[in-house]
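*Asks:* With the sequences and hints as input, model every part of the structure.
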Amino acid sequence: MKPFQIIVCLKQIPDPEGPLEAFQIDPEGKRVIPIGIPPVINPFDENALEAAIRLKEDYGAKVTAISMGEKLAQPVLRKALAAGADELILFVDSHFKDLDSFSTAYVLSKAIHKIGSYDLILTGRQAGDWDFGITGLLLAEMLQIPSINLARKIERRGDEIRVEKLIQDGYDLVKVKTPVLITVSSEIGELRYVSIRSLQSVSKKPVMIYGADDLNLDLQRLTTKKILDLSPFQSQRECKFIEGESHQQKGENLALKLREDRII
Amino acid sequence: MRPDDERILICIEREAERIHPISFELLKAGREVTDCLNGKLCCVLLGNSMGQFLKEMTPYADEVYLLDHHSLESFDPEVYTVALYHFFQSIHPSAILMGHTMNYQNIAAKLAYRLGTEIITDCIQLAIEERTGHLLCRKPIYGSKFIATFKQEKKPYIVTIRSKAWEPIPKPTSNAEVIHFTPLLDEIRFREDLLKRVKEESIDLSHAEAIVSAGRGVKDAEGFVRLKELIQILHRFFNRVELGASRPIVDAHLVPSSRQVGLTGEKVAPELYMAIGISGSMQHVTGILGAKKIVAINTNPRAPIFQVADYGVIGPYEEVLPGLVKKLEEL
Ligand SMILES: Cc1cc2nc3c(=O)[nH]c(=O)nc-3n(C[C@H](O)[C@H](O)[C@H](O)COP(=O)(O)OP(=O)(O)OC[C@H]3O[C@@H](n4cnc5c(N)ncnc54)[C@H](O)[C@@H]3O)c2cc1C
Ligand SMILES: Nc1ncnc2c1ncn2[C@@H]1O[C@H](COP(=O)(O)O)[C@@H](O)[C@H]1O
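These protein sequences, in sequence, are chains L and X. What the first sequence shows, in the working numbering, is residues 1 to 264, in sequence order. What the second sequence shows, in the working numbering, is residues 1001 to 1331, in sequence order.
Be a bit skeptical, because a hint or two may be false.
[Said to hold, decoys possible] In silico DSSO-like pairs for lysine-lysine, Cα to Cα no more than 27 angstroms straight-line:
#, chain 1, residue 1, chain 2, residue 2
1, X, 1199, L, 153
2, L, 225, X, 1151
3, X, 1155, L, 226
4, X, 1154, L, 30
5, L, 257, X, 1327
6, X, 1151, L, 153
7, L, 257, X, 1293
8, L, 97, X, 1154
9, L, 225, L, 97
10, L, 240, X, 1228
11, X, 1155, L, 225
12, L, 177, X, 1199
13, L, 30, X, 1151
14, L, 257, X, 1326
15, L, 97, L, 114
16, X, 1154, L, 225
17, X, 1164, L, 225
18, X, 1154, L, 226
19, X, 1326, L, 240
20, L, 97, X, 1151
21, L, 2, L, 177
22, X, 1199, L, 175
23, X, 1151, L, 226
24, L, 71, X, 1151
25, L, 177, X, 1196
26, X, 1293, L, 240
27, X, 1228, L, 257
28, L, 240, X, 1292
29, L, 97, X, 1155
30, X, 1164, L, 226
31, X, 1028, L, 226
32, X, 1196, L, 56
33, X, 1151, L, 257
34, X, 1196, L, 175
35, X, 1327, X, 1292
36, L, 153, X, 1219
37, L, 240, X, 1327
38, X, 1154, L, 110
39, X, 1155, L, 30
Bear in mind the hints are in silico, worked out from the structure with no lab data behind them.
*Replies:* Right, here's the structure in full:
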């Protein structure tokens, strides 16, 4: 029997947990450039990968991780293999620079056609660079399959998937038939720990790499983000530090200060 | 109805019992765009027997469209998308505004694709470019470390807006024409088969007057007891005091998702926000910028939270809070 096929979409981004100073605007004013911080797999995509690997452990599956970009760092993305993905396929081309969400979803849809069959596609709820939160949903539209947004838990019963999806004040348990695309939120759980050793053990594993030419793309359809300008966040506040002989006393002085300033 | 009117369409978000507050912020944002385009501010309500909601909305807009159907009783992303798609296809709005909420960020994306147009999510400012009539959208990016201005050139422009980025629209002035529109629902490809709805606490952080938020620095159950003591005493000074949290606390299932503050959580605007053991990453901070006063308690003097706080205490919360609570009791 053909294994249950899961495709996980991983975006490589500058570490979103990096300090404010590590992000700068490029001279053209259209891009953010990271200074001295490494690229990572988008954290929500790591959550999606974790969900895929758990499904594989619990019910059996083949997990294919894919990533698309102008340039991709193999050592960063190989983490997916070390964590338990069966294969990693990269789609790299200079045409993939600065793509908008529609074009990104379009290229991913062609990439998925190239892979062929699938039962489940997982994406992160949002990429921590541009914070759009729509690529997965657009991809499902293009593939003409249903999508479920914001999963906090995913289980499988045969060709039926049960998803707990976030709603305003709780969650809905819904059931869907495959194929389906699900966007994953962090509540599902962090990606398991990946040791240096297991990273080394996959360093020789083959990674497939394709370019735009391999995808039967209409290059005319690729459009870039239309950005006029970027400006940095600036805090308007000035912090008054509360002093005291002891921490306890600092606490007391905080109460007094809040009273003095008529906040309480 | 003149077909050549520029219509700015607001998707009113409805909960079971009430209109979701973001709807009034959408109306404010929509009014600004409408004035620039010299158009009509319209809103659309979806549901089943919505008489009461209809009355509430007519004073705010020029036209209110009603999509009344038993299938629209409760929210289903595909059903709502199909209903709205047919509606938009027949009235050709110039712009469509929705809230950046769990429900509508989903259908906004689907609609943008089906209508063959563009979309910018989570906007905090909108303007019309005078020369071209294009829509300019300001949106925080990179966890809100920057704000980008995007341009949309294709109509209908579609945006989702961040909650609290606009004030709610002030009291009504107009009296909308009500237009009934029969939803076409035969193209529904798939429905979410709901097995169970689990309601956790129903919390409205966005309207709390004071919020005490726990971060990863709050390590144990005892820590939460301390925070609850503080919340208890703050009730003397504020009407609505709530517990909030940073994302790691939610991901550890210590509190429900609806208490998460930040980029992918609630945007809050209390009189007083207290960040306890929260480092102050921009993804968290962007949710609290509307707070009148921010207090941070953190052991690390270089924690970025102090760059956005009004009052800072450097020290372990385990020792700071007892002093604070004791003094508050005496005041
Ligand atoms: C796309 C994206 C979206 C995100 N959305 C959100 C969001 O909506 N909300 C959110 O919160 N995060 C969000 N995050 C995560 C965010 O980037 C941070 O990782 C998170 O906010 C860190 O939480 P924290 O400050 O509690 O933990 P940490 O960064 O680990 O900070 C813990 C702090 O506690 C202090 N501390 C330790 N012990 C004590 C003590 N005894 N007393 C006092 N202080 C102590 C430490 O000095 C430290 O500063 C998002 C991230 C991404 C990439
Ligand atoms: N270049 C990419 N390669 C692979 N997956 C991507 C890419 N861009 C976006 N995605 C997926 O789409 C999700 C949402 O991205 P976004 O709409 O940019 O916030 C991400 O969490 C990824 O899972």
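*Asks:* For this structure, which hints from the list above don't hold up?
*Replies:* 6 and 33
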